[in-house]
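Engineer: Protein chains in written order, with our numbering: chain C, 1 to 262; chain L, 1 to 150.
Honestly, I wouldn't trust all of these hints.
[Stated by the list, open to error] Some chain C residues close to chain L (C-beta under 8 Å, calculated; not the full set): (1) Arg170; (2) Phe171; (3) Ala189; (4) Gly191; (5) Thr225; (6) Arg228; (7) Ala229.
[As the list claims (entries may be wrong)] Have a look at the derived ranges for each label pair, beta carbon to beta carbon: (8) C:Arg188 x L:Gly85: 19 to 29 Å; (9) L:Glu73 x C:Gly103: 48 to 58 Å; (10) C:Gly187 x L:Gly85: 21 to 31 Å; (11) L:Ser82 x C:Gly40: 21 to 31 Å; (12) L:Ser82 x C:Leu122: 50 to 60 Å.
[Stated by the list, open to error] If you want the ones that stay clear, here's a sample from chain L, every Cβ over 12 Å from chain C, calculated: (13) Glu35; (14) Ala37; (15) Asn49; (16) Asp78; (17) Gly87; (18) Glu92; (19) Ala135.
These are computed hints drawn from the structure, not numbers from a lab.
This one's a predicted model, so the numbers in the text were calculated from it and none came from an experiment.
Beta carbons are placed, not taken as given, at the ideal position from N, Cα and C, and that holds for glycine.
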Amino acid sequence: MGRIVALLIAVLAAASVRAEGVQVPGIAPADRRSGFETMGPDVQAMQRDDFSNPAMLGVAAGEAAWSRAPENGKPACSGCHGDIDAAMRGVDARYPARDAKSGAVLDLPGRIQTCQSVNQGLSPQPRESDGLLALQAAIALRSRGMPIEPPSARGLSDGVQRGEALYRQRFGQLNLACAQCHDANWGRALGGTRIPQGHPTGYPLFRLEWQSIGSLQRRLRNCLTGVRAEPFPSGASEWLDLELFLRERAAGMASDAPGVRP
Amino acid sequence: MRRVALVIGLAAWLAGPIAGRVAVGAPMEKGAVPEAAPLATSRPPDPANGRRIVVDRRRGFCLLCHSGPFPEERFHGDLAPSLAGAGLRWSEGQIRARLIDSTAINPDTIMPPYFKSEGGYRLGRAFAGKPILNAEEIEDVTAFLATLRD
Chain C
1 MGRIVALLIA VLAAASVRAE GVQVPGIAPA DRRSGFETMG PDVQAMQRDD FSNPAMLGVA
61 AGEAAWSRAP ENGKPACSGC HGDIDAAMRG VDARYPARDA KSGAVLDLPG RIQTCQSVNQ
121 GLSPQPRESD GLLALQAAIA LRSRGMPIEP PSARGLSDGV QRGEALYRQR FGQLNLACAQ
181 CHDANWGRAL GGTRIPQGHP TGYPLFRLEW QSIGSLQRRL RNCLTGVRAE PFPSGASEWL
241 DLELFLRERA AGMASDAPGV RP
Chain L
1 MRRVALVIGL AAWLAGPIAG RVAVGAPMEK GAVPEAAPLA TSRPPDPANG RRIVVDRRRG
61 FCLLCHSGPF PEERFHGDLA PSLAGAGLRW SEGQIRARLI DSTAINPDTI MPPYFKSEGG
121 YRLGRAFAGK PILNAEEIED VTAFLATLRD
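Next comes chain L alone, as it looks inside the complex (with noise of 0.2 Å):
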């Protein structure tokens, strides 16, 4: 009976990740998204360097995916929701835990994972042991997407 109960569990686990993929574009609640602690750096967050690092197309390249409010932009993508708002609809932690790894909050999403150093299979030689973007830079952008309250 207990190995029964076991493989139900099992199951039941295993069938956790393919009932999330139903989910996959669908709005979360707040609530549900987990919080990142800020990271250590060297000096306090700049929003406004924040901001020059969403529209980079080198360094954050949010704007691929991304709309948003920057007018001075031409090109906006429509893969994923726009970053308006982003301030309401997120803590500044949970925006922080969706910059470091939005795999650990859906793991069918296609955001990169910016500050994980490990990087992903065949990594590219000139990228080996480093994150997307490193700290201050996180901190940075974290702080200006929770000015986004319109």
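Only chain C is shown next, with the shape it has when bound in the complex (with noise of 0.2 Å):
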């Protein structure tokens, strides 16, 4: 009798599990297919050239901050990392990332703000902000054309789980999923839109439709908002989980951060 509550338990658990998220198939990796390659000529033709790339202006930026001391006699970027291409060759590929000193899972501007207030006594630039997406898109441009590492290859497959299930998780007033759309339904039209498959490859990135450079955490907000969902708090764990379970599924895929998009 109590094997089968047990097993009566266990599959009403599962059961329960199921109805939270929509399961539908993932994307075989042969299929992967990166914003960059699905969008027009004309926006490819953009990113490819470092001088009509936008988001190139704020590799400048973030190139001279990365050299610049702080007025408080703290060292610059470059006094404790040394030059930024060798420093930072590969980083950004490798995050999100734990911080070796606090155990805090970090993503890359989150690693940056905590670098100005531990080591530059500084208080962190803003999320959004234009320096720190400066230096995010410095640093990104070094792992331009590596491939993204897999988070759960440093022990972090616990955020990707719960990312995956955020993903599976439909919101909102118009009840979707991440899944339903960049999953079930890439390259279909939504609108005038074709539906890419939403891999994070390229952030910081420039939006045409942003008029801006941004980062993946404000492309995803756009997401819940537009299914008229409350986004979370910037800043919130479960932008990182997203984030995590994100380049879990797109491990293997080429950076090209900093990126354009339409």
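If you follow the hints, you should be able to join the two separate chains into one complex; please do so.
Structural biologist: Here is the structure:
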């Protein structure tokens, strides 16, 4: 009797998990396409040419900030790390990552903010500020063309799983999950827009729609407000979990940051 | 023995939605779709207003996913069947049932529930307590879609 009750409980538990999340098959690795590959040739050309890619203005500002020491006498980024090309090579491809000192999992902007407050004695630049996006773009450029490394390979599988649950969660008044558009219906027309697969290979990136450079969190926020849901607060752990899952889903794809998107 | 039957019955009940997933996108038999009775409204249905709601990108936004006989609209989606002939394929009650809450017909549908006031997970504050369309608008759209018989 006890065993049957346990079986029933197990079956019901499995059912409740299934009922929460949208179950559609993921994209086979060979079928994955980045937003760069599926966007129009004119925007591709804009990204390919560093002189016409508007995100490269952010890179230039970020490189200048890299070697500018704060006025409080603490070191510049370059004071500890040295040359950005050598020090930051491949770093963005391995983010989000666990901070060895605090044990916290940080995305790249979170890592830069921690450095600013702990090592430079500054109040960290806010997310979405030009200064933080510029530093992020300058660092991300040093991973261009490199394969995105799966977060599970650096012990972050828990966050990946939480992120997948969010990816399969229906949100908002329109009651849609990420997976329903970006796994089940990519390539199809949503009004005048082709639905992309939603791989975070190019962040931070310049969106023509925004007319500015922006972060992955900003893009995810757009999706949540699009389905008429209340976005998570800036810097909330849900964004990080979603990013971990999306980076796992895009593992092995080439980074093309800082990108341009329509 | 009865316990075994209970477990088998439970397993079959759980397998139901899984089997249902296989049929996503497959044509459904007309008889299999439930009907919904007309909603209580303050005025008779207005099919012309229904058409305006269907093409409106903020109210019905139907053309984000569907195509249909709307030559003046530039962009039609292709995530869902064309609305052309909707009135031939479905009864008014079936059209209304799909609009009110399509997940009651297909739990995996991407079609938003247009007349469900309890809202979704993390519902946006601006939309609290409001369905996507009100009862009059549901009846207008139902009446309009029922006229699409080509």
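Engineer: All hints, please: hold or fail.
Structural biologist: Hints versus structure:
1. Arg170: holds (6 Å)
2. Phe171: holds (5 Å)
3. Ala189: Check passed: Cβ of alanine 189 (chain C) comes within 5 Å of chain L, closer than 8 Å.
4. Gly191: holds (4 Å)
5. Thr225: holds (7 Å)
6. Arg228: For arginine 228 (chain C), the interface hint holds, since the closest Cβ of chain L sits about 5 Å away, which is under 8 Å.
7. Ala229: holds (5 Å)
8. C:Arg188 x L:Gly85: 19 to 29 Å: At 21 Å between Cβs, range holds.
9. L:Glu73 x C:Gly103: 48 to 58 Å: Holds - the Cβ-Cβ distance for glutamate 73 (chain L) and glycine 103 (chain C), about 54 Å, lies within 48 to 58 Å.
10. C:Gly187 x L:Gly85: 21 to 31 Å: holds (25 Å)
11. L:Ser82 x C:Gly40: 21 to 31 Å: holds (26 Å)
12. L:Ser82 x C:Leu122: 50 to 60 Å: holds (58 Å)
13. Glu35: holds (22 Å)
14. Ala37: Given that every Cβ of chain C is farther than 12 Å from that of alanine 37 (chain L), nearest at about 23 Å, it holds.
15. Asn49: holds (21 Å)
16. Asp78: Since the minimum Cβ distance to chain C is about 5 Å, aspartate 78 (chain L) lies within 12 Å and the statement is violated.
17. Gly87: Since the minimum Cβ distance to chain C is about 23 Å, glycine 87 (chain L) lies beyond 12 Å and the statement holds.
18. Glu92: holds (24 Å)
19. Ala135: holds (17 Å)
The structure does not agree with numbered hint 16 stated previously, though it agrees with all others.
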